[in-house]
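Asks: What follows is each chain in one-letter form.
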Amino acid sequence: DAGVIQSPRHEVTEMGQEVTLRCKPISGHNSLFWYRQTMMRGLELLIYFNNNVPIDDSGMPEDRFSAKMPNASFSTLKIQPSEPRDSAVYFCASSSSGQGVEGYTFGSGTRLTVV
Amino acid sequence: TQLLEQSPQFLSIQEGENLTVYCNSSSVFSSLQWYRQEPGEGPVLLVTVVTGGEVKKLKRLTFQFGDARKDSSLHITAAQPGDTGLYLCAGSTDKLIFGTGTRLQVFP
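Here the protein sequences line up with chains A and B, keeping their order.
Each number in my numbering corresponds to the 1-based position in the first sequence with 10 added.
Each number in my numbering corresponds to the 1-based position in the second sequence with 635 added.
Just chain B, with the same shape it has in the complex (with noise of 0.2 Å):
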């Protein structure tokens, strides 16, 4: 069975810090995607990293593949409150494989 484990589970902030989220799987997936969820709605895809040691940007944050394809890590920097929500990393085979999830609270 794969397994993404995420760390920390949960995260509780003040507006202005930064923190990092992890995802590590002893798997190698083709792809890692990693989704948004806020309550009483569906994940929302954030990014796809394709490529080891690949490094994406989306405003504020940053999204790291590992070398050989089987963890990643995202970086938010300057937290603000519109961030919180639950973050799920996901890997790729024939199907999506989430992970268990990071739970982010950041305060005002």
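If we strip away everything but chain A, and leave its shape as in the complex, we get (with noise of 0.2 Å):
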């Protein structure tokens, strides 16, 4: 198993900028999560999917944040317009249960860099 893809691994963008953060869960996990890791905070959990379906965005900081997952494939997170202070590192995560008993596998991440 090639385990959770993302992509790009890197993103500058201009503020005021759409972006979009793409991710491929694990072939058979039916659960998804969004972390935004900082050296202030963090890894702070954004949004998580249950069989496509989501079921927490408590984490999600603004209203210019949001998350889809349009099959059990393919997850997007979205962040329009971008502002600087969104930089930091995006990681895609999944597993075979909500609770995470098994364990979350995480992608390599997205580096964000917003300017």
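Incorrect hints may have been included.
Examples of chain A residues lying across from chain B (beta carbon under 8 Å, computed) [claimed, not checked]:
hint	residue
1	Glu-21
2	Gly-38
3	Leu-55
4	Tyr-58
So the derived list for chain B, only partly shown, Cβ under 7 Å to chain A, looks like this [claimed, not checked]:
hint	residue
5	Glu-640
6	Pro-674
7	Gly-677
8	Leu-680
9	Lys-730
10	Phe-733
11	Thr-735
To be clear, the hints were calculated from the coordinates, so they are not data collected in a lab.
Given the structure is predicted, the values throughout are model-derived calculations rather than measurements.
Beta carbons are placed, not taken as given, at the ideal position from N, Cα and C, and that holds for glycine.
Dock chain one against chain two, each of which comes alone in its own frame, and use the hints as you go.
Replies: Below, the structure written as structure tokens:
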């Protein structure tokens, strides 16, 4: 298995532009999670899906952030418009159980820089 | 808000030394996991502990879950440069909440 695949690995964009991050979870995993990691705040859960349905989006910082999971093999996280404070590493993770007892498998992340 | 505090935040030691990292919370978790993250990569699961008082060993790493399932510790014996990385604990309820992290540097 190729693991959780995220794209792009790096993204540099200007303030105000739309940014779309992509994730392909591990086949057969029914839970998908988007996390954001910064030095100041550590690893924060933004949103998670179970069987393609958003379960908890309480971590999404603002209406500028949105996430979709149109099918079991693909998810996107969109920021529109982007701001410099959105600069962070965004991780996607998947699991065969929402409660994570089996552990989460993380992708390699997307490093976003908004200038 | 559930918080998982890790200590120390930073640890810099010589190869061969022993160390312990702590993970504390006021909340009870159904299980607790430890991950290690290397630069440019996502966290990788090391172990899951489920039962209060449980101890698990992974080669030179020993993990313990507190009796009340609110805290955990990670002990590394005879640390090696390959142990260098960010160690994260994560508590599970309906989702995983990650701790603040401990950045370990082991010098040869």
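Asks: Confirm or reject each hint.
Replies: Results for each hint:
1. For the restraint placing Glu-21 of chain A at the interface with chain B, the shortest Cβ-Cβ distance is roughly 15 Å, beyond the 8 Å limit, so the hint is violated.
2. Hint status for Gly-38 of chain A relative to chain B: violated, with the closest Cβ pair at about 17 Å, above 8 Å.
3. For Leu-55 of chain A, the suggested interface contact is upheld, since its CB lies about 6 Å from the closest CB of chain B, less than 8 Å.
4. Annotation: interface hint on Tyr-58 of chain A holds; nearest CB of chain B at approximately 6 Å, less than 8 Å.
5. Nearest Cβ of chain A to the Cβ of Glu-640 of chain B: about 11 Å, over the 7 Å cut. The hint is violated.
6. Because the smallest distance between the Cβ of Pro-674 of chain B and any Cβ of chain A comes to about 11 Å, over 7 Å, the interface hint for this residue is violated.
7. Hint status for Gly-677 of chain B: holds, given a least beta-carbon distance of 3 Å to chain A, under 7 Å.
8. Hint status for Leu-680 of chain B: holds, given a least beta-carbon distance of 4 Å to chain A, under 7 Å.
9. Interface hint at Lys-730 of chain B: satisfied, since its Cβ lies 6 Å from the closest Cβ of chain A, which is below the 7 Å cut-off.
10. For Phe-733 of chain B, the suggested interface contact is upheld, since its CB lies about 4 Å from the closest CB of chain A, less than 7 Å.
11. With a cut of 7 Å, the hint placing Thr-735 of chain B at the interface with chain A holds, because the nearest CB-to-CB distance is about 5 Å.
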